[in-house]
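Chemist: Residue-level listing of the chains:
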Amino acid sequence: MKRIPIFVLSCLLSVPVIAEEVDKTLDAAADGHVEVSNISGSITVSGWSKNQVEVTGTLGRNVEELVFERDGDQITIRVKVPGNSGHRHGIDSDLHIKVPQGSSVDVGTVSADIDVTEVTGDQGLRSVSGDIATESTGADIEIESVSGNVDIVGDLAEGEVEASTVSGDVTLLRIAGEVEADTVSGDIIIDAGSFDRAEFSTVTGDIEYRAGLSKGGRLDVETINGGVDIEFVGEVSARFDIDTFNGQIRNCFGPTAERTSKYAPGWELEFTTGDGDGRVDISTLNGDVKICNE
Amino acid sequence: MTDENMTHENEDKLLAAARKLSTEISPGRDLWPGIAEAIENPAPRRWTPMLAQAAAVMLLIGASSSLTYVIVKEQQPTQITGTPTGMIFEQTSFANRYSLGPGFQDARDALANDLQTELVRLSPESRANVETNLMLIHEAIAEMNNVLEQEPDNALLQEQLLRAYREELGLLRRVSGLTRNIMMRNDI
Numbered sequence: 001m002k003r004i005p006i007f008v009l010s011c012l013l014s015v016p017v018i019a020e021e022v023d024k025t026l027d028a029a030a031d032g033h034v035e036v037s038n039i040s041g042s043i044t045v046s047g048w049s050k051n052q053v054e055v056t057g058t059l060g061r062n063v064e065e066l067v068f069e070r071d072g073d074q075i076t077i078r079v080k081v082p083g084n085s086g087h088r089h090g091i092d093s094d095l096h097i098k099v100p101q102g103s104s105v106d107v108g109t110v111s112a113d114i115d116v117t118e119v120t121g122d123q124g125l126r127s128v129s130g131d132i133a134t135e136s137t138g139a140d141i142e143i144e145s146v147s148g149n150v151d152i153v154g155d156l157a158e159g160e161v162e163a164s165t166v167s168g169d170v171t172l173l174r175i176a177g178e179v180e181a182d183t184v185s186g187d188i189i190i191d192a193g194s195f196d197r198a199e200f201s202t203v204t205g206d207i208e209y210r211a212g213l214s215k216g217g218r219l220d221v222e223t224i225n226g227g228v229d230i231e232f233v234g235e236v237s238a239r240f241d242i243d244t245f246n247g248q249i250r251n252c253f254g255p256t257a258e259r260t261s262k263y264a265p266g267w268e269l270e271f272t273t274g275d276g277d278g279r280v281d282i283s284t285l286n287g288d289v290k291i292c293n294e
Numbered sequence: 001m002t003d004e005n006m007t008h009e010n011e012d013k014l015l016a017a018a019r020k021l022s023t024e025i026s027p028g029r030d031l032w033p034g035i036a037e038a039i040e041n042p043a044p045r046r047w048t049p050m051l052a053q054a055a056a057v058m059l060l061i062g063a064s065s066s067l068t069y070v071i072v073k074e075q076q077p078t079q080i081t082g083t084p085t086g087m088i089f090e091q092t093s094f095a096n097r098y099s100l101g102p103g104f105q106d107a108r109d110a111l112a113n114d115l116q117t118e119l120v121r122l123s124p125e126s127r128a129n130v131e132t133n134l135m136l137i138h139e140a141i142a143e144m145n146n147v148l149e150q151e152p153d154n155a156l157l158q159e160q161l162l163r164a165y166r167e168e169l170g171l172l173r174r175v176s177g178l179t180r181n182i183m184m185r186n187d188i
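If you're matching them up, the sequences are chains A and B in order.
Numbering-wise (the working numbering), the first sequence opens with residue 1 and increments by one.
Numbering-wise (the working numbering), the second sequence opens with residue 1 and increments by one.
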């Protein structure tokens, strides 16, 4: 009977059963660079007014350690897990990171959601399986996900945005400047904003555009299997070139489409509005195109 | 007569009898049937010592090589063979009249050849997603080629077909980039 409590105690001591709480802070440059790596769990990054980087949250019970170190203007935050695959359980770590607002951030995960707010520096956000959400304030943003949605909310400050996902939707709200978004399976939704250059493409999915086009701006939209619905906000002065292999074209601007071929079910439409200094190219293989302005 | 005299007399008798015995015994003829003939005319030998040694060496080399092959084969990662249904990469063509040039074709072939290896690194859902979309592109390409055969000089159709090939190439490149990204993330 005396052996039982000893046995139980040994088991308890040998196996970590609870996640480890984290609360660490380092001084940081106001416009430094912060790199974050977390295989699994979640990552939220928010900007604040202090010249410090703070990490709070919980580490999975099988996490080896949290690397949190500074080298000049660079801060590295990395969740280190055992190398053998047998410990892929119990490594979920949820990190809440506060960085100086002017920092640039680079976040990489395998299976984790990423959420960034109030960061004004450049952002590089990558996830294999996880949703990515961030805010745009005019800096460069590059987002890549394999399986997950991408959401970017801006304040109409001009910047360069690239968003790419294989399986998931891309939503861009109040973005301006230059944007490139593509998805293999998923929709692309652009709401508000105005662009000097915008490229959107999907293989299977619809593209909805409710935004303006800058003077002399260029809009390129391509789908293989999906419809395109464009509603320009404000005046548009551009040359339009629209074609489908198999799909209708509905145009509010006036000119009507013509058949591309008597052997194919597609349509084509070319026309000009205003001075024609901008350029709008829309192409679908299988999908309808609807183009209007407010 | 004493016992000692008796013993000596017996010994002498034994010795005399032994001397009368023949000192050699010849075997009867045909103790083994045909042996005389065999000795007279020996049969030609099939195996010379040199030949036997050579055979032994070959056997040793063969056994060693076979063993090495089995061991190496077991250590090699399983190669993916076969192509998913519909994932046939036809030669690029424009209504069977033109091709897109060796440069494009080489790039496409290289990416298509790497595709199976790359797909294995994706999750089952992502893999199915990519395969489905590649098949959709191939179907569109086939459909457009059929139409172009009716109207081979239709510039817009050619442009649409070219765009479809570009989409295919773009997707193949993205898959390649994705798996590199996955490998990098797994190294975290």
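No lab work stands behind these hints: they were computed from the structure.
Glycine included, C-beta positions come from ideal geometry on N, C-alpha and C.
Keep in mind that the hints are not guaranteed to be accurate.
To be verified - Short, incomplete list of chain A residues facing chain B, as computed with Cβ under 7 Å:
no. : residue
1   : V55
2   : V166
3   : N225
4   : E268
5   : L269
6   : T273
Chemist: If you take the shortest Cβ to Cβ gap from A:E268 to chain B, is it below 7 Å?
Modeler: 6 Å, holds
Chemist: Identify whether the interface hint at A:V166 stands, where standing means a beta carbon of chain B within less than 7 Å of its own.
Modeler: 6 Å, holds
Chemist: Measuring from the C-beta of A:V55 to each C-beta in chain B, is the shortest one below 7 Å?
Modeler: Where the cut-off is 7 Å and the nearest Cβ of chain B is about 16 Å from A:V55, the hint is violated.
Chemist: Grab the minimum C-beta distance from A:T273 to chain B and call the hint holds if it beats 7 Å, violated otherwise.
Modeler: 21 Å, violated
Chemist: Less than 7 Å between beta-carbons is the criterion; does A:N225 satisfy it with respect to chain B?
Modeler: 5 Å, holds
Chemist: Would you settle whether the hint for A:L269 is holds or violated, based on the nearest Cβ-Cβ distance to chain B being less than 7 Å?
Modeler: Violated, about 11 Å.
Taken one by one, the earlier hints fail for this structure at numbers 1, 5 and 6, listed in ascending order.
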